[in-house]
Amino acid sequence: MRTSKMNQSRSYLRFRLSYRLEHWLLVFSFTVLALTGLVQKFAQNDISIFLIGVMGGIQQVRVIHRIAATMLMLESVYHIGSIGYNLIVRRAHWDMMPRPHDLVNGINLVLYNLGLRAQRPQQGRYTAEEKVEYLSLVWGTALMIITGFMLWNPIATTSVLPGQAIPMAKAAHGGEALLAVLAVLVWHFYHVHIRSFNTSMFTGYLSEEEMEEEHPLELERIREGQTEQPMSGRVRRRRVFLTAYGILALVMLGGIYVFVSFEKTAIETVQPAATQVPRLAHVNDDGARGLMTAADDPGPLLSWDTGVGQLFAEKCTLCHGGTVPLAGLDLRNYDDALLSDTESPAIVPYNPLASGIIIQQNSVHPVQLTELEFAGVYSWIERGAPQQEESQAQ
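Residue numbering for the sequence shown follows my numbering, starting at 1 and increasing by one per position.
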């Protein structure tokens, strides 16, 4: 009887303190990312509107989201080093990676849960379902970092990729985020908090009964004394690894710095100009169009060669230029500006109201022309959008 009580009270180390700290940092960053990300994805929902207000407004939500994203990236750098140290220095087995027998264990586990198998499959340190969850985390984190960079730095992204890459990244980022939240709530919470409350991430230990239930092969290995043994050459391996990882970590940290400091395009909210409304043309009684603006003089914008092209070069070609111009609109030269591959024409000679450039200036466009510039471009299009002045053309 005394032996039985001793066995029941015995516990085994499951996770070292460093593992537990890493886990809780991940929990914190993931929770903040989920909270600040989902309220942006479903921004019109009443709950989202309330939470955005509580957090100080949408721009503050974006800042908090990016701080948590930076924390996740830093944790990823640490995790890579932790894995490398265990594999290279300690020569530990990479137990978290799936093997062929995990497929069999996974199938048997499904059969057991359906009542078609009498016993749970015998599994080691990490079960098949834990390995699937880990790989999902790795894949999801990589996808979120890549798409997050694209959304955080849209101008840099569209300088090498088509403009359609941004909405694609937004869809992938939001979809993966929703999938991750549901996986944690439905899958992870059930396995570690509902089916049986697993305290190993709090205490670091599992009881003998829990080990026999969840990780019998690991328990058998411990009982047989198959624990990690000191190996020759560890000091040298540690020195080599720390040097190599130190260099790699500096490169990754430099990449994170570029990631977070390259652009502020997706953080700052562009406020509409106070003189923006109304800016469209009105129609006079005789059918002629006139601008609702105090700037009646179109200035020097008489043709593309005498002002218009230079104006676009200064204000527009950062996005609408380069190898892959944003939205297919290239404003670097006259022919491309009129023939750009856009859904609606950017410049329609003699019809400024149908020209995308004029239409976009009456929306919340990130670059706003001054009243004088707007009047000049409007007048230039209304006169047929000439490339040269009449005197030059003759």
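Just to be clear, a hint being listed does not mean it is correct.
To be verified - In the EDC-like style, the derived pairs of lysine to aspartate or glutamate whose C-alpha atoms are separated by at most 16 Å in a straight line are: (1) K131 x D95; (2) K315 x E389; (3) K315 x E224; (4) K41 x E176.
As the list claims (entries may be wrong) - Simulated DEER-style distance windows between Cβ atoms: (5) Q310 x G53: 38 to 46 Å; (6) M201 x R117: 25 to 33 Å; (7) L178 x Y350: 30 to 38 Å; (8) R223 x G53: 54 to 62 Å.
Note that these hints are calculated values from the structure, not bench results.
Note that beta-carbon positions come from the ideal geometry of N, C-alpha and C, so glycine has one too.
Okay, the hints, checked on the actual structure:
Taking the CA atoms of K131 and D95, the gap is about 9 Å. The hint holds against a cut of 16 Å. A threshold of 16 Å between alpha carbons decides the hint, and for K315 with E389 the separation of about 22 Å lies outside it, so the pair is violated. For the suggested pair K315 and E224, the alpha carbons sit about 73 Å apart, so the restraint of at most 16 Å is broken. Distance restraint check for K41 and E176: the Cα-Cα separation of roughly 12 Å lies within the 16 Å cut-off, and the hinted pair is therefore satisfied.
Hint check: Q310 to G53, Cβ distance near 44 Å, so the stated range 38 to 46 Å holds. Distance hint check for M201 and R117: the Cβ-Cβ separation is about 29 Å, which falls inside the suggested range of 25 to 33 Å. With their beta carbons about 48 Å apart, L178 and Y350 fall outside the hinted range of 30 to 38 Å. Against the hinted window of 54 to 62 Å, the Cβ-Cβ separation of R223 and G53 comes to about 57 Å, which satisfies the hint.
Comparing the model with each numbered hint stated earlier shows that hints 2, 3 and 7 do not hold.
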